[in-house]
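Protein chains in written order, with our numbering: chain A, 1 to 492; chain P, 1001 to 1500.
By construction, these hints were calculated from the structure, which means they are not laboratory data. These numbers come from a predicted model, not from an experiment. Each residue gets a CB set at the ideal place from its N, CA and C atoms; glycine is no exception. One thing to keep in mind: the hints can contain errors.
As the list claims (entries may be wrong) - Using 27 Å as the maximum straight-line C-alpha spacing, the simulated DSSO-like pairs for lysine-lysine come out as follows:
hint, chain 1, residue 1, chain 2, residue 2
1, P, Lys-1026, A, Lys-362
2, P, Lys-1026, A, Lys-447
3, A, Lys-409, A, Lys-154
To be verified - Where chain A lies over chain P, by a calculated footprint (3+ residues, C-beta under 8 Å):
hint, region
4, 1174–1185
5, 1369–1376
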Amino acid sequence: MNSQLPALQIVLPLLGAVLCAVLRKGNLAWGVALVTSLAMPVISGLMLQDVLASGPISYAMGGWAPPFGIEYRVDAASGFLLLLISLIGAVIMPYARLSIAAEIAEQDVPWFYTMYLLCLAGLLGIAITGDAFNAFVFLEISSLSTYAMIAMGKDRRALLASYQYLIMGTIGATFFVAGVGLLYSMTGSLNFVDVADRLAEVGTSRPILAALGLITVGMSLKLALFPLHVWLPNAYAFAPSVATAFLAATATKVAVYLMLRFMFSIFGVSTTLANLPIGEIFVTLALAAMFGASIVAIFQENVKRMLAYSSVAQIGYITLGIGIANQAGLTGGIVHLFNHAIMKAALFMVLGAVVYRIGSVKIDALAGIGRRMPITMGAFVIAGLSIIGTPGTAGFISKWYLAVGAFEKGWWWLVFLLVTSSLLSVIYIGRVIEVTWFRPLSKEGEKASETPLSMLIPTLILVAATIYFGIDTSLTAGIASKAADALLAGLR
Amino acid sequence: MSLEHLVILAICIPAVGIALIWLTGKSPDRRETVTLVTAGLLLVVVLSIFPQVLAGARPEVRLIEVLPGISLSFAVEPLGMLFATIASGLWIVNSIYSIGYMRSNEEPRQTQFYMCFAAAITSTIGIAFAANLFTLFIFYEVLTLSTYPLVTHKGNEEAKRGGRIYLLILLGTSMVLLLPAIIWTWVITGTMDFTPGGILAGKVDGLTLGLLLGLYVFGIGKAALMPFHRWLPAAMVAPTPVSALLHAVAVVKAGVFSVMKIVVYIFGLEHLSASGQNQWLLYVAAATVLLASLVALTKDNLKARLAYSTVGQLGYVVLGAALANSMGMIGGSMHIAMHAVGKITLFFCAGAIYTAAHKTEVSELDGLGRVMPITFAAFTIGAISTIGLPPFGGAWSKWFLALGALDAGQLAIVVVLMISSLLNIAYLLPIPFRAFFSKPPKDGKSEAIKEAPLPCLIALGATAVGCFLLFLFPDTIFDLIKSIEVPAAIDVPSEQVSDG
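Using the sequences plus the hints, can you model the full thing?
The structure is reproduced here in structure tokens:
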């Protein structure tokens, strides 16, 4: 049984998706999605335990041995990501029932869960696969289901946002698959390990560098690296709250993972950094994201959109870690994958609860609701503090590693830019806190009361996690540090 | 119970208090009992640690390793012991005062008020007992955040603006300057523990040391060194008990305490004075002392005047740290205690005047001393102690600071200290003079004014007596601070002596 875990991780949500589509009843579909989502962290937890105890797992799909068959490969980095995705899914699903019922037309509800499970399978698939073309297939599965989920948003602008994302996402995927094609033509293989081995023999030729460039740009689009982020704010702002929370926590993270895989493990650190000024480009773009997107976030009237811009800025921190490219910096970037996922999911879930109660996320509508929904808005404060990077929260740990990495590289100026940019998040988070707690109650706020427990408890679990992972970092930073070691091993 | 358990207990007691205050929020009497009992227990615990630390014990507790080599841990040493004793001792007095003040002014959201207060004390004790920079930084930020709802307590536009300035300056300086300084220290030395004699000796020198010192002292915005002092006057919109305990004792003292602790245990007095990089800090501190006193002269609002006075007095402590010698350290540390007791008395009086007479401006106080004799007597005592005249505590700290300045060969600093005392007289003493000797305005209202409520009078009486007791018994503080391993008398090399 244990040996089939990698397959189950993908097959279960795929089967679940089919079941949801067949059942055509909202609550039944939700039940299927819930059970599947709850099973996922068990599987990925068992696998990660295995990996940490006895090294990477290799699974030959359908019994066809790699490099010709499709290989599923779980190591510290992918195991960590699998656990993250499945945990987020498991926390969000209990929350989803009320929120989805309130935000989506009744006949569409089973379709939403179908799309959600497909997206879950796609994201998990990208993390688990060891095959470049298979990664593209899963990328498309997750993207197509994401477009559908976004389009189900209540606001009609969701359609436009979804279309915008469809165009941008397709361009990104095309870049990616073109890169993979070039790689295949040069090496004759699609298996990650095999390609990496053969690349060492082929050396760095122009097509190889072109492949690296295409894949990097394609993934930069999917992970919303500034200035390729334009699809993200609208998509997050108009998607149903559950979809936003799930995607913000997982989708961009998976793209970062795939890019890291290619840049570091497949092309190798020396090829990547020696032949292209990727470090400089990433640091520059990351800084532009950290400052530009944060400043834009300050002026947003729609709080969901504000958090979306905040996501662009936070992705900047992750790419900054890649740009710093030493052990501490990369650890900071990877740990921020995890930390940002839990805190941003928590924030979007709070907003989902606000939508559920008052039907709006305009900042003026939120005035004074802190006193009506003290626990929910208290959760916002704590998750917000984590975005700012207050010590004692998960966000602090990421920034700590990034700053240590920058100092070790002698880039002390970067440390000051890093901390100054978090000051901008004080402003946009502080603005919401001030409005929700210190302004007189808005008209919409009259309806507000504490969030129902089935939505409140999942939110609080994530908020507790942001504090827990700010104090006990052995799981997060420990694994991130191992993953960074593994990624950088090419340097030595 | 071992000493280590007591240390943990000292941090847990006010933390548990927060929860209990919340649970008893519905019944004000029970809630206030919880506050008083918590404060009492905390003081008992802190006082039971005190004699052992005085005798040389240095209990240490490691809680959890947050990052490899960096742990959340506590260690009690003399400076922290002194700070914790002051904070916990004055918390009781202040709680008694708060009860009188909050009830007579019918303030809203009192449960939230007492909860935030307990949270602030928890973080203050955490700062006092922090064993390394990391732990200190965590509690430093928690203190800022837990006092933000207190500053904005009134909830009006002015309170919100005050809160914004408060948060932006305190969080901003700590994140942009202090945090990089801490990380830098960690990257250079590989440790963050407060170590007697400092950890930077032999690792950092010259201009870099000066730069690092600058990051620390300006990064600790709570020390209100100019030009990062604006938050303190802005925070005066808070109810007076908040201004009294937090902005005369806990918050600002957490700032100067951190400066002192970092200078003593990270830089090392000997290393700092030998490098000569403390010189500029001396002048910045001296400038803060003088400028703040001058601004205080111009303020008619009583609390604003006291706030600028606090900025100036905090400069004394930073000055003591910047002298980087034994006497300076003793004077500065002692001033943490002396100024705390003196200034809290003054704030208590300001609050009592507001509660009894609803007056906030100095120019409105004519003749008020005749109807509120106890309040203004206490005010006079607090003022004299703040100025630094015997027979009150403030005299000692200024005495040792002057000795420290002489030891360092800084005659100019001695002159600054004297001028500042004169300025203190000029902005503080006219207040009781007006109240006692000017004629009350003939509007028929002043006859109706009575003394402040009894809990307020008890509190301000107690701290006024405290000022006197500190004058009689400064030796405990002296011995305590002296017991920090002081390097042998330092002779500043002659080329680094500046005649100012």
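Each hint tested on the structure:
no. : hint                    : verdict
1   : P:Lys-1026 to A:Lys-362 : violated (34 Å)
2   : P:Lys-1026 to A:Lys-447 : holds (24 Å)
3   : A:Lys-409 to A:Lys-154  : violated (48 Å)
4   : 1174–1185               : holds (count 6)
5   : 1369–1376               : violated (count 0)
In terms of the numbered hints stated before, the structure departs from hints 1, 3 and 5, listed from lowest to highest.
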